[in-house]
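Here's the letter readout for the chains.
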Amino acid sequence: MDTNGFYFPAYHLFRVGFAFFIVFGLWPVFMFPKEPGVGLERFFSRYIKMVALIIIAGYVLVFFRLYEWLSIAVVLFLFMLRRTLNWSVKLKGISELWDTMSVLLLDLLDGQVKLRPFFTSRWISFKAKIREGLKQNFGSLSAVVRSAALLATLTLTAYYHFADAFHHVAPAMSDSYVTLAWMKYVDQKALFHDGIYPYGFHIYLSMLRKFSSDDAVYVLRYTGPWNSVLITLGVYLLVSRLTRKTTSGIVAAFAFGVLGGLLFPALWEREAASNSQEFALLFLLPAWYFTMKYFQSEDKGDLWTAIAACAVIGLVHTLVLAFWGVGLCILLFVRLVIKFRATFKLAKKLILLMLIAGFISGLPLLLGLIAGKHLHSASVEFLLTKMEVAFPIITFIDWVPLAGFAAFPLWIFSQKPRREAVISAFFISILGFCSFAMYYTLGPLTSNAIMVSRMTVLWGMLIPVGIACGWTVAAVVLFSWGKFLKPIESLVCTGILIWALSHFQPTPPAPYKMQYDSMVEQYLRISAAYVPTQWMMVSSEEGYDLALGKGWHMNLQDFVKEETAFTQKGERDKDYIDVLNTPDIFIFYEKNIFDPHLQPMDEIIAGRIKSYAWLSEWIKQYKKTHEDWSVVYEDKDIFVFRIHRVQNQNKLFQQTWGLGWPSEI
Amino acid sequence: MEGTRELAFGKIENIVHLTEAVLQRHSTPEDQYEIAAIMESLGWNDRMVNETFGCKNVFSLAVIIMDAIQKEHHTTIMPQTKKLSPMRYIVKILRSFLRGSIFALPMAVSVGAMLTLRFSIWSYKYFSLQDATSISIATIFSFATIGGFTQAIARRGFLYIGQDLYTMARRSTYYFIKIGYYVCITIAVAFALFNFFFSLYPWRMVLIILLYFLFLSSIWLSVTVMYVLQKELVFTGIITLGIALVLVFFRLFQLNIMVSQIIALFIVSLLSTLIGNYYFLRTEQRNEKGIDPPFPRQSVLWYTSFPYFVYGFAYFTYLHLDRVLAWSTDNAFMPYPIWFRGEYELGLDFALLVLILPMGFVEVVVNEIMANLLANQKIFSASDASSMNHWYSGLYKRRFVTVSIFSVLSAVILFLVIQILSKANFEDVNILATPITKFVFIWAVISYCILALGLMNSLILFSLSQPGLVFRPMLWGLIIDLCLGFVLSRWGSYYWNGSYHWAVIGLFAGAVVFTWLTSRRVLKVLNHLDYYLYAAM
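Respectively, the protein sequence lines represent chains A and B.
For the first sequence, the residue numbers in this note's numbering are 1 to 665.
For the second sequence, the residue numbers in this note's numbering are 1 to 537.
By construction, these hints were calculated from the structure, which means they are not laboratory data.
Certain hints may be false.
Pairs of lysine to aspartate or glutamate, EDC-like flavour, derived with a Cα cap of 20 Å [to be verified]: (1) Lys56/B <-> Asp67/B; (2) Lys189/A <-> Asp330/B; (3) Lys114/A <-> Glu132/A; (4) Lys651/A <-> Glu345/B; (5) Lys651/A <-> Asp131/B; (6) Lys178/B <-> Asp110/A; (7) Lys591/A <-> Asp602/A.
Just chain A, with the same shape it has in the complex (with noise of 0.2 Å):
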């Protein structure tokens, strides 16, 4: 299994590619219909509500045990009935679709249809559609410039966030294999599993997972570099609409996703992994665009894909909604402001369907709690944690985009209407200092662990707009005196991106690891091969998240104090040993113990050196004692040790016919 060429990581990646496109791009074409705004913005509405829409229906469908694909499907397809037919007289509407369809399909044996000029037309249609929008796109040398620079922006963007995962397969950061094993139990229906925690992102992976049916390393490995991009198409939709340039979204896109090793290290390295944060992150920034797009264009659309967006963020990480929360305050004190009578019957409506949808996300913790749930004791740990740190230093890096948004008032002058631009500006100037002075002074001053290391991460999100503001204002006061300009404008941004990425070459990220590739590899190919729950592995505690829901796995610790692999606890609600029949064991050695250089691992991995030292004596004596082993795998690093053993007729007519079945264990 060459899980470092090109072919593998690619099929897989188409498929849970795929999976993305049916059902947060092809389908909520069809659930949604009528949404406002073009392209990107219309992508971004439909792909909010859908998401929101799949982890409510993913929270009440666990919730009941019946979260499954085919009740997903279901519920998906009743929405979708919703939108297409009204309900008072979908009936009707339904016998007369059927009736349509009978007649289409008479015709069509009978020849009075024919499809090819059918297919003719859509073809023809289709092509003009193209046609148009290439003519936009690239209808001038200032566009091609610009569409050239976004691609290849976004390309960029890409190729950095998904290099890690391409080139190695174990899961990024400890956080990781937290939420593969949360992932899989939203599979197995099992909410809060460790503990109260918002479980939005577990359900959007675990819904991924199963229209991919891939392996949930796989779905967990793509997801968040994908995310990453999303967020970059993001930070692009509220720059290039808010302040009306592209290049300036171009520009915002390319700090972001290009340059966030250099501006925001913090956050670039846990933008290849897969975690809640990052995902709420996505969802951050065209909340508040649609927030404000409400605002102007008093359109339903608009206010609930604002909605939808501020109910994920809420189900998927609550200190994102926090923030977010902040962002809609300073918006609703600068429209207050300027624009007090329009804002103030909008705001009304828009705060009480807010205050629903927060209410929405904090049912689960509600839900949680009664069903005699406690909260996530590590997270919880870590929101009581304190940590002594000093003021942050203020950089270079921070100076820019703060300058930008001190500058941007002045950008108010080039637009019209003015008070729409007043606000606009005032609005972002306002939250790029705020979110500046909270990271400055929240972690110094509460010593709280969360603030110190989330503040940087939501100041982050904020560099690549303060940077993008300051090139808004410069690109107004050297290329707003002539149409003649547009070009240079154009050139001259896609210049300076060239420039910042000879100077600065910028790396991918790289998250640390827990465990060798090749450990995982050797598990995705013995899940690959090996029939689910027939198999055992015996592992490290990483081996178990990688495990559950295909086989049974077994804790080097266990293994250790029970001195033989063919015993294993009963799992679920009861707690008592049985003797499993898996025709196979794998045990997981590893020559080069793994050291992810952690300081909480230490003790750890001190356990460990002593374990593989006891199993390495235990595999000595095993070979001389049976026959029924082999190596099936061994590098410079690792070996994997396999039993087999035999089973014989009466025990397989006794499994196949419910008697002695290991996973009725």
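Assemble the complex: chain A is given as a structure, and chain B must be docked to it using the hints.
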């Protein structure tokens, strides 16, 4: 008479036959329009009339026939319904009963082979769970795919055979068989492609699924041909031959069991197709006389067969849906989306035996009702139609109760036999040892007993040319089975200690809904029997 002048010499004899056929339908037609309607109901159209008799259209021929009837005064004596002697009556009942229950003969042969040889043509006692899953999926797939075609073939075939149009029967049968093969191949390719993208099952399993699916589908299509031609015994013989072939390949040549079965399936499907074709041609040569109407337009064929097609699909899907739901319940770790669960299957397999006796009895009842219907309606005068309707409603209700009692008796006998076999540890297997098997067995027996009543209703409605009244209740039964079975299997699995077998309640509810709805429809039809008889003509 212009029409008479148009007639070519030598075709007069055919017109005489046609006139007789018209008069058989209605001895005293009102006018030429009624004759035209009867002729159209016999399958004549303008083109045929033009080609056969040289008449301009059906109406001009109807004028000729009306003229002929008026010239030669026809009188029909009201037929007296002869009462059968007790002996002949018993023989008739027995014949109907055997015809009704003969469908179980191949199944009995197969069960016998399993008990004695440990294998049958597509089953084996020691299959691994993986192989059992693959073959079960293939079997379910094949039933669901071919179910609609078998119904369409059978109904269409019976329609033409009933009119002695054997060539038409063969053509329509092979038309649907051809489409059936296309659909099977399309589904196989689609499944392989789907698996390529989504890796539902390992390719070894997919290969087994596809091979068994294609061959089993082919066999079901052949069975239908035998059924249409009333050659069920021949098919039982072919199945026995197939088992013998597996025995030779597996035991004598020491081939792998699956390879042996696939070869046997291939030979059986090929042989049954050839034999089916032979029987058709032979029957055609013996029986075909008179007109050779052109094959109906595809839209007409599909439109008239559609209710049967939907019913067949829904019925066979319904029969297997609960096990799909049970086998897809994730009560621990599911290896694949659908995973064979022997305890559940065992309960259903043994429960299915309960249908053998009631189905034989259903055939007797339907024959009793339908065979005498044409004769009996002549006992009642037109003004007394409501009495006839009332009499038939009463008869139906009485037979409903009788079949119910018969089904309950059959269930009790089966339960006792299974209990005895279990206690005796027959074949070293205590059939009802596990609570799951016992639970599924009991509920499935009840469901099948209720279903037998629904099937009786279906046969009555089909016989009265009311397929539209059958397929909708079947669809409702299927939907109820799906919804209830899905919810209960999932909740049972979680809340009631892994009880995925609650899916069988879906089967039960589906049977209740189907039988209840069809019973209401049968009563509605029988309460207006005069109208429906006229409509069915």
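Verification of the hints:
Between Lys56/B and Asp67/B, the direct Cα distance comes to roughly 16 Å. Compliance with the 20 Å bound is thereby established for this hinted pair. Distance hint between Lys189/A and Asp330/B is fulfilled; the C-alpha atoms sit about 9 Å from each other, no more than 20 Å. For the given pair, Lys114/A sits about 28 Å from Glu132/A by alpha-carbon distance, which is inconsistent with the 20 Å threshold. As the CA atoms of Lys651/A and Glu345/B are separated by approximately 18 Å, the hinted pair is consistent with the 20 Å bound.
Only pairs whose Cα atoms come within 20 Å are accepted, and Lys651/A paired with Asp131/B is accepted, the gap being roughly 15 Å. Distance restraint check for Lys178/B and Asp110/A: the Cα-Cα separation of roughly 18 Å lies within the 20 Å cut-off, and the hinted pair is therefore satisfied. Between Lys591/A and Asp602/A, the direct Cα distance comes to roughly 18 Å. Compliance with the 20 Å bound is thereby established for this hinted pair.
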